[in-house]
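Trainee: Quick note: the first sequence uses the numbering used here, first residue 45, plus one each step.
Misleading hints may appear alongside valid ones.
Lysine-lysine pairs mimicking PhoX-like chemistry, simulated, CA-CA at most 25 Å apart [as the list claims (entries may be wrong)]:
| no. | residue 1 | residue 2 |
| --- | --- | --- |
| 1 | Lys-482 | Lys-379 |
| 2 | Lys-651 | Lys-631 |
| 3 | Lys-379 | Lys-480 |
Derived DEER-like restraints, expressed as beta-carbon distance ranges [as the list claims (entries may be wrong)]:
| no. | residue 1 | residue 2 | range |
| --- | --- | --- | --- |
| 4 | Leu-865 | Arg-748 | 21 to 29 Å |
| 5 | Ser-787 | Thr-634 | 15 to 23 Å |
| 6 | Met-590 | Asp-500 | 33 to 41 Å |
| 7 | Phe-828 | Thr-572 | 42 to 50 Å |
| 8 | Asp-800 | Asp-445 | 18 to 26 Å |
| 9 | Asp-825 | Gln-804 | 47 to 55 Å |
| 10 | Glu-313 | Arg-748 | 46 to 54 Å |
| 11 | Met-590 | Glu-419 | 22 to 30 Å |
It is worth saying that the hints were derived from the structure and are not from the lab.
Owing to the predicted nature of the structure, the values given are computational and were not obtained by experimental measurement.
Even glycine gets a Cβ: it sits at the ideal position worked out from N, Cα and C.
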Amino acid sequence: MAASPSQSPPSDHQQNQSSSSDDDETNTRRDADIRARDAFAKRLRERDDDQTKKKFKAEPVSHESDRSKLSVEELRKRSRHVYLKSRKEKKIDELEQELADEDYLFKGVKLTKREEEDIKLKRIALNLAREHDQAQQMENVDRYHMPTGKSDETSKNDRYREDNRYSDAKANGQSGQNFEQRKWEDEVIHTALPHFGSLDKDAKSKQPKYDYILDEEIQFVQQLTIPGVNEFLQQKEKSKLHEHEDENKRKYRTLLESRKTLPIYKFREDLMSAIRDHQVLIIEGETGSGKTTQLTQYLFEEGYCEADTEDEDEVEDGDDDDNIKLPDGKKKTKKKMMIGCTQPRRVAAMSVAARVAEEMNVKLGREVGYSIRFEDCSSERTIIKYMTDGMLLREFLGEPDLASYSVLIVDEAHERTLHTDILFGLVKDIARFRPKLKLLISSATLDAEKFSQFFDDAPIFRIPGRRFPVDIYYTKAPEADYVDAAVVTVLQIHVTQPLGDILVFLTGQEEIELANEMLLERTRKLGTKIKELIILPIYSTLPSDMQIRIFEPAPPGGRKVILATNIAETSLTIDGIHFVIDPGFCKQKTYNARNGMEALTITPISKASANQRAGRAGRVAPGKCFRLYTSWAYQHELDDNSIPEIQRTNLGNVVLLLKSLGINDLVNFDYMDPPPMETLRLAFEQLYALGALNHKVELTKLGRRMAEFPLDPMLSKTILASETYKCSAEILTIVSMLSVNNSIFFRPKDKTLLADTARQAFFVPGGDHITLLNVYNQWKDTNFSTQWCYENFIQFRSMNRARQVRDQLETLMERVEIEILSNPADTIGIRKSICAGFFYHTAKFSKNGMYKTIRHQQSVLIHPNSALFDQIPRYVIYFELVLTTKEYMRQVIEIENEWLRETAPHFYKTKKLDDDDKVKKMPKVLGKIKAELERNYS
DNA sequence: GAGCACTGC
45 MAASPSQSPP
55 SDHQQNQSSS
65 SDDDETNTRR
75 DADIRARDAF
85 AKRLRERDDD
95 QTKKKFKAEP
105 VSHESDRSKL
115 SVEELRKRSR
125 HVYLKSRKEK
135 KIDELEQELA
145 DEDYLFKGVK
155 LTKREEEDIK
165 LKRIALNLAR
175 EHDQAQQMEN
185 VDRYHMPTGK
195 SDETSKNDRY
205 REDNRYSDAK
215 ANGQSGQNFE
225 QRKWEDEVIH
235 TALPHFGSLD
245 KDAKSKQPKY
255 DYILDEEIQF
265 VQQLTIPGVN
275 EFLQQKEKSK
285 LHEHEDENKR
295 KYRTLLESRK
305 TLPIYKFRED
315 LMSAIRDHQV
325 LIIEGETGSG
335 KTTQLTQYLF
345 EEGYCEADTE
355 DEDEVEDGDD
365 DDNIKLPDGK
375 KKTKKKMMIG
385 CTQPRRVAAM
395 SVAARVAEEM
405 NVKLGREVGY
415 SIRFEDCSSE
425 RTIIKYMTDG
435 MLLREFLGEP
445 DLASYSVLIV
455 DEAHERTLHT
465 DILFGLVKDI
475 ARFRPKLKLL
485 ISSATLDAEK
495 FSQFFDDAPI
505 FRIPGRRFPV
515 DIYYTKAPEA
525 DYVDAAVVTV
535 LQIHVTQPLG
545 DILVFLTGQE
555 EIELANEMLL
565 ERTRKLGTKI
575 KELIILPIYS
585 TLPSDMQIRI
595 FEPAPPGGRK
605 VILATNIAET
615 SLTIDGIHFV
625 IDPGFCKQKT
635 YNARNGMEAL
645 TITPISKASA
655 NQRAGRAGRV
665 APGKCFRLYT
675 SWAYQHELDD
685 NSIPEIQRTN
695 LGNVVLLLKS
705 LGINDLVNFD
715 YMDPPPMETL
725 RLAFEQLYAL
735 GALNHKVELT
745 KLGRRMAEFP
755 LDPMLSKTIL
765 ASETYKCSAE
775 ILTIVSMLSV
785 NNSIFFRPKD
795 KTLLADTARQ
805 AFFVPGGDHI
815 TLLNVYNQWK
825 DTNFSTQWCY
835 ENFIQFRSMN
845 RARQVRDQLE
855 TLMERVEIEI
865 LSNPADTIGI
875 RKSICAGFFY
885 HTAKFSKNGM
895 YKTIRHQQSV
905 LIHPNSALFD
915 QIPRYVIYFE
925 LVLTTKEYMR
935 QVIEIENEWL
945 RETAPHFYKT
955 KKLDDDDKVK
965 KMPKVLGKIK
975 AELERNYS
């Protein structure tokens, strides 16, 4: 069924799809591309010529410095030049060779458009390099004038150089505004010179490291020349202020008009017919194409929400039953079908739903709604539903065939979240026995082919976006200290480039604070010589009021620079960004399945990520992206894509969920990229040990109850065990507090002592879990006060989140039929419950003064922030192992070893754990799992 | 005596 319409290869289909008008359009687009590229090449040449002229006059200076005594700096500089020169030659050779190879190998072969463009670009690059080379043979040319951070004596020479430059410019008849502007800028730079790089006195910073090579230009297609949607709306609203048209009507009409300006609008007919013809369609839509908001509306207008009468006979027996139950027995009361659209993030689901409701002129939560954790804003009448991907996954539990949906759109599929990856396998499966179900997978450019392959060669439909071109600059040589380099680049942009905000990507809070300080210090020294520069940090744990500041516009004549973590890569968009600085790193969580240890490590980003970052500069106007790594590094050292989450995360929860959906063979599940065998094995092993799976690897009753909770299986088990010890209320609190990742205690840098004292005041005997309980209960006693949090160095946001989680868990308790009982004094019962879920995470004090984990015999320490830090309990249970400066157990409680036997008799030997304590051997069934996994993965 | 990328259910 699914196969027949999609037999033609994707590219063919694409061509068939395009009508003659589209052909025209692609032609004009191509022409525009070529023109743009030519103009670009011309600009480059002109600039090079220009600079060659300028530098030509500077020659005597370099001779002069030749004669002077050679300093170490000078020697370094020279050796660097030699290196750069030889490196460049090598690169040019490589490029030449590559092109020659391509000529030879692909002669007469018809290449795809992309390949052709690739070759074309390489040719242009080569030509430019040659031209530049020729220019350099005349002179030792620095391609850009950049602040150099040289010491006073050399800067004098520099000034001489510059002065010559100006006389030269004047001689060429250059004058007027541009000239003055440049002169002014350069003066600013020169007065600034002694201060640049003054923080680090090492020679490195004194080198001309601020040279950028304009290596390539990413061609973001600028399809339409009309103004952006927002601008359009504003204009409309302003112009109609004095009209007497009905407010709502007017608003609706403007919305309708602005919908038509979206790039996707032109493709509507083709798109709809493609959806009619094919069950699965991959939609390759660039940002700004309008797909997320328009697609659902088009589908609705095409009647995809109408109850399908044919389906009634074929597969929808269940629904028939529902209808028969209706008292009137009306046939036509059959529920309308829904169009579902998943998003990876909550905010996106909410805001897009709100926008669509507005465009359709309905109240949000009725015909158009959204569903995210903690908030279901949809109703019986809802026909267009936006939701987070995890939410749809949960819906499978109640409706395994998703019968109430006629269309499913998986948006932002290229982000490859754990949940979308699982969804892929599931929706592909239900599409097989629900031929009427339409499946739309929407993704960014690069991965479309891969998605197509996964969905049995589903056709790809391409929709252009609306974006501005972004110039990409690379450094000539790798930067050792990217924070410093980023700071220097910020200042450089600030003094040399026209107004427009700067976005810097750093890896974490620490780097952001460091960069912030460096920038403050250096701008302070520059004083009023430079324009105003507002520095704004942003990362997820930053208090909300500070976060909001990044959206305030820069002061007139000034500029803002935003120092951000990865949060600015996808999660939030900031308007007005013209410049992006990308050092090329991010923090990633790594999990070592061998010893259960987690660590956050700084790793290079992927190409996809780098391009995403660059794209952030081209949202409102043409932009520039400065990459603090070399073009070679981009080409050869960065992976194409980031490793999908499914391959680097604990799968306990997912395995449990899939098991409860009746998917028994998880090894042969249809993964787009299968998870590592070791991770699956570990998940099975843990679930077996927790009693969620039996010896036949089937889901047990306990496992079914555990699956109800959106938690790690160990936490779910803890909750279920609290029934036995009659302390479910306390356990719910503890589990909720644990699930907001240790961001409860606030520790500002300038008040560490006060904060630590405040934290220690919460300590209670038993350990950290009980301490967390104490914190929550005290907060509750103040009626969840913000002020109390502030006074006690507690993060209100985290507490609020814990409260939300707790509320949700409490309602889920009804489903598993556990009464909520409170027994606050019985910390033994509380700790035994935790033991029942976390017996895997036991560590015993050993002779060497450290703890050893029972499972892996890993040497670990109690975290210094723990309530048990200066105590030495013989047995402890930990919540997690982290590798930071040392191997630490985080969130620890003291236990008695008898409790292990009591709470996990199948896991621990019945004898008392002693010096030679050993974990019971895993039964053979796990050996079987392992063998099966290995067979399937070989 | 330490140190916290980002999501999501």
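Trainee: All hints, please: hold or fail.
Mentor: Outcome of the hint check:
A C-alpha spacing of about 18 Å is found between Lys-482 and Lys-379, which places the hinted pair at or below 25 Å, so the restraint holds. Taking the CA atoms of Lys-651 and Lys-631, the gap is near 16 Å; set against the 25 Å cutoff, the hint holds. With a C-alpha separation of about 16 Å, the suggested pairing of Lys-379 with Lys-480 holds against the 25 Å cut-off. Remark: the range hint 21 to 29 Å for Leu-865 to Arg-748 is upheld by a beta-carbon distance near 22 Å.
For the pair Ser-787 and Thr-634, the beta carbons lie near 20 Å from each other, so the given range of 15 to 23 Å is met. A beta carbon spacing of about 49 Å between Met-590 and Asp-500 contradicts the range 33 to 41 Å that was offered as a hint. One distance hint, 42 to 50 Å for the beta-carbon pair Phe-828 and Thr-572, holds here, with the actual separation near 47 Å. For the hinted restraint 18 to 26 Å between Asp-800 and Asp-445, the CB-CB distance of approximately 55 Å leaves it violated.
A hinted range of 47 to 55 Å for the beta carbons of Asp-825 and Gln-804 is inconsistent with their spacing of about 19 Å. Distance hint check for Glu-313 and Arg-748: the Cβ-Cβ separation is about 48 Å, which falls inside the suggested range of 46 to 54 Å. At roughly 25 Å, the beta-carbon separation of Met-590 and Glu-419 lies within the given 22 to 30 Å, and the hint holds.
Of the numbered hints stated above, those contradicted by the structure are hints 6, 8 and 9, listed in ascending order.
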